[in-house]
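S.K.: Residue numbers (the numbering used here), protein chains in the order written: chain A, 1 to 255; chain Z, 1 to 254; chain E, 1 to 250.
The set of hints was computed from the structure by calculation and includes no laboratory data. Some hints could be false.
Said to hold, decoys possible - Derived DEER-like restraints, expressed as beta-carbon distance ranges: (1) 243(A) / 61(E): 54 to 62 angstroms; (2) 54(A) / 16(E): 47 to 55 angstroms; (3) 90(A) / 45(E): 31 to 39 angstroms; (4) 58(Z) / 57(A): 31 to 39 angstroms; (5) 235(E) / 61(A): 24 to 32 angstroms; (6) 18(E) / 90(A): 46 to 54 angstroms; (7) 11(E) / 215(A): 44 to 52 angstroms.
Quick reminder that beta carbons are idealized off the backbone N, C-alpha and C, glycines included.
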Amino acid sequence: MERKNLVAIGVVWPLISFAFFFGLWELAGWWPISVAFPPFSKTLLALLAMIADGSLPRAYLSTFQPLVIGMVLCGIAGIGFGIGMGLSRAVEWFTLPIFIILQAAPMAAIIPLITYLYGIGLTSKVLAVVFLAAPVIVMNSYKGIRNTNPSLIQMCRSFLGTKRQEVVKIVLPHAGALIFAGLRLGLAMGFIGVVIAELLITPTGIGDLITYHSSVADYPEMFAAIASIIVIAALTIHGLERLERTLFPPEIRGS
Amino acid sequence: MPGDAIVEIRGIGKIYETGVEALTNVTLAIPPGKLSTLLGPSGCGKTTLLKIIAGLIPPSAGEVWVKGKKVEGPGQERAFVFQDFALLPWANVLRNVAFGLELRGVPRERRDEIARRQIAEVGLGGFESSYPNQLSGGMKQRVGLARALAVDADIILMDEPFSSVDEQTRRKFQEELLDLLRHRQKTVIFVTHSIEEAAYLSDQIILLSPRPGTVSRIIHPNVERARSPDEIRRDKNYLDTVDEIWQILKHYVA
Amino acid sequence: MMLFGKRVPIAFSLMIWSIVWELIGQAKLLTIIPPFSRVIAAGIVILPTEKFSAAALISLRSFGTGMALALIIGIPLGILMARVQGVGRILGLWINIFVSAPISALVPLLMAVVGIGETTVVVTVFLFAVFVIILDTQVGVEHGDRSLVEMARAFGARRHQIYTKVLILSALPEILAGLRLGAIRGVKGVVIGQLLVAIIGVGELFELYSKHFLMEEFWALVIMVFLFAFAISEVIAMMERRVEYYASAR
Chain A
1 MERKNLVAIG VVWPLISFAF FFGLWELAGW WPISVAFPPF SKTLLALLAM
51 IADGSLPRAY LSTFQPLVIG MVLCGIAGIG FGIGMGLSRA VEWFTLPIFI
101 ILQAAPMAAI IPLITYLYGI GLTSKVLAVV FLAAPVIVMN SYKGIRNTNP
151 SLIQMCRSFL GTKRQEVVKI VLPHAGALIF AGLRLGLAMG FIGVVIAELL
201 ITPTGIGDLI TYHSSVADYP EMFAAIASII VIAALTIHGL ERLERTLFPP
251 EIRGS
Chain Z
1 MPGDAIVEIR GIGKIYETGV EALTNVTLAI PPGKLSTLLG PSGCGKTTLL
51 KIIAGLIPPS AGEVWVKGKK VEGPGQERAF VFQDFALLPW ANVLRNVAFG
101 LELRGVPRER RDEIARRQIA EVGLGGFESS YPNQLSGGMK QRVGLARALA
151 VDADIILMDE PFSSVDEQTR RKFQEELLDL LRHRQKTVIF VTHSIEEAAY
201 LSDQIILLSP RPGTVSRIIH PNVERARSPD EIRRDKNYLD TVDEIWQILK
251 HYVA
Chain E
1 MMLFGKRVPI AFSLMIWSIV WELIGQAKLL TIIPPFSRVI AAGIVILPTE
51 KFSAAALISL RSFGTGMALA LIIGIPLGIL MARVQGVGRI LGLWINIFVS
101 APISALVPLL MAVVGIGETT VVVTVFLFAV FVIILDTQVG VEHGDRSLVE
151 MARAFGARRH QIYTKVLILS ALPEILAGLR LGAIRGVKGV VIGQLLVAII
201 GVGELFELYS KHFLMEEFWA LVIMVFLFAF AISEVIAMME RRVEYYASAR
């Protein structure tokens, strides 16, 4: 009885959900809201065509470059910095207010400036990713370190643990979960950064595909490109979430 | 049978969606005006049975009849006191106590008046404007009790009401509860896992067996209530009852 | 941080940063960073100008409208999803996809369908904010105090009473959390929407200042927008703290 329920939840409902939405989309497309809004069927065909003729894969190759590079840079620097903030009160005092403001700030405003400074190449896009993703990665790493359960730390000290042991055996493992979450959220921001950069900066990658097809009024193609990046971003982030839950199940995380 | 039963429980069974059978074939009669306790080890379904009587959970089998009518849901003749107090954190004591009346549409002046009276009765006079997060566990439960008394139901259902307070407060509560009930014609159905509490408070104790719960024994403590609380706790009938119950429950725990 | 034995509040570090900024600017280390004092001066100059007030007005209007829509649609939808299982299961998948998706990718589509103008920006703000509002409302209601709902039922509460007197209030802290995140995203929505539409509001100004290398004005605007986002976030956070005890039983 339990298994049947699990199958129902895991398979049937998503199917109903997909059917519902794609059905709605199809109907909405045929409704004369605007010539620019294509029905599901046409979009799907356009998507397949773009995969077949290679324009979609090529675009992604170009988009993923700044995304991956940016995320790696951001990840290493961001986590390192966040840990530094968490371990040192002095660093925290200097940098916390800035990052708190940056987390709420619309970093996208900086992107035009980056473009005018660094041109329309890879550097600008990498910087766009870094600027958007860094605040959340830093803040999460910092919080992971800062919010370690004090009684665990006291326990470590009561057994005569050194500061180094305290950090390595208690603080870092606990922070691991939050750091990972920070990376996941950072990746979401990274996707946003690279898309904005590409929409503003052109002429490569998925952003370019979108603006190009928009300019020649190939609306099914444009929408297919948009849908593809949204789906890919969603799948990647969801995958990370799954990984996060396996690596850091709530029992281990518990404080 | 001494007096018509005010609550009749006929063949109640409960199986949860997860497949757990909490209760099976429970048949009971609760006499009016008395305090009956449902007692048993953890997981024997006593809270489940209480909530079925309250109309909060539907039974899988059987029926509950209250005052000659079948139970289909909560009703005005039954009031519930919760183990975790269930107080609205954003409302003050006065509003919390008046909540049952508020839901029934009783006009504000009238319900506040009733609430104030109950607040005084449970010993919380002066705390009408306090909020739950300012109160101790014991005080919160007094609010819960006042709320149940305010709606003037014939039957009060209490779900381990004193288990979330400390031992000293608990003893005091038991004594105060008996005091409060002494002058009212209320029927109380009480759930607890404490043998002493059951023996101290009850006119009849219904022992439930472990899962799936069913009625194992019914015991009438026969303790002389007229005596002082401390004397009651040394009364021979009281001590015998406690021992008798323990001998039965011992087997369930082992 | 201790100075001369007295505790210095953390906000003071921002003052140190302003001084550092001033020094870097005066030393002309990087052309894009003018001295802090000049940035403030530029800010004071552009603030009363017509161009700026028009841009600010449009931006605030788009922000306000978009957020209002997000609340009006998002909160009831979140409640619906929490209480009606079917709705929750069908929509849940999509809400989860869109809450972390790069919604900016949709803006070109909006421009094509809705046109180039304020409406697109309003829709952008709406889309940026609504999903996290729906999600947090849903979580707030779902994990809302079961015990309180049961209590209300035990005392004879009817359906609508359970909603108005118990559920929404106990979910309020979570709903406010969603609102705060939604507002932050909404500000991003205004900026990004206007950057892409490029002819109105602060987005236009950002483009303008960057293009003509008016760095002082640019940074002044950046500070203003950043502080606006921060201020809104903090105001809502304050409201959140005040109602935190509404969920005290959790």
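S.K.: Now look at each hint and say whether the structure bears it out.
M.R.: Okay, the hints, checked on the actual structure:
no.	hint	verdict
1	243(A) / 61(E): 54 to 62 angstroms	42 angstroms, violated
2	54(A) / 16(E): 47 to 55 angstroms	53 angstroms, holds
3	90(A) / 45(E): 31 to 39 angstroms	37 angstroms, holds
4	58(Z) / 57(A): 31 to 39 angstroms	57 angstroms, violated
5	235(E) / 61(A): 24 to 32 angstroms	44 angstroms, violated
6	18(E) / 90(A): 46 to 54 angstroms	19 angstroms, violated
7	11(E) / 215(A): 44 to 52 angstroms	48 angstroms, holds
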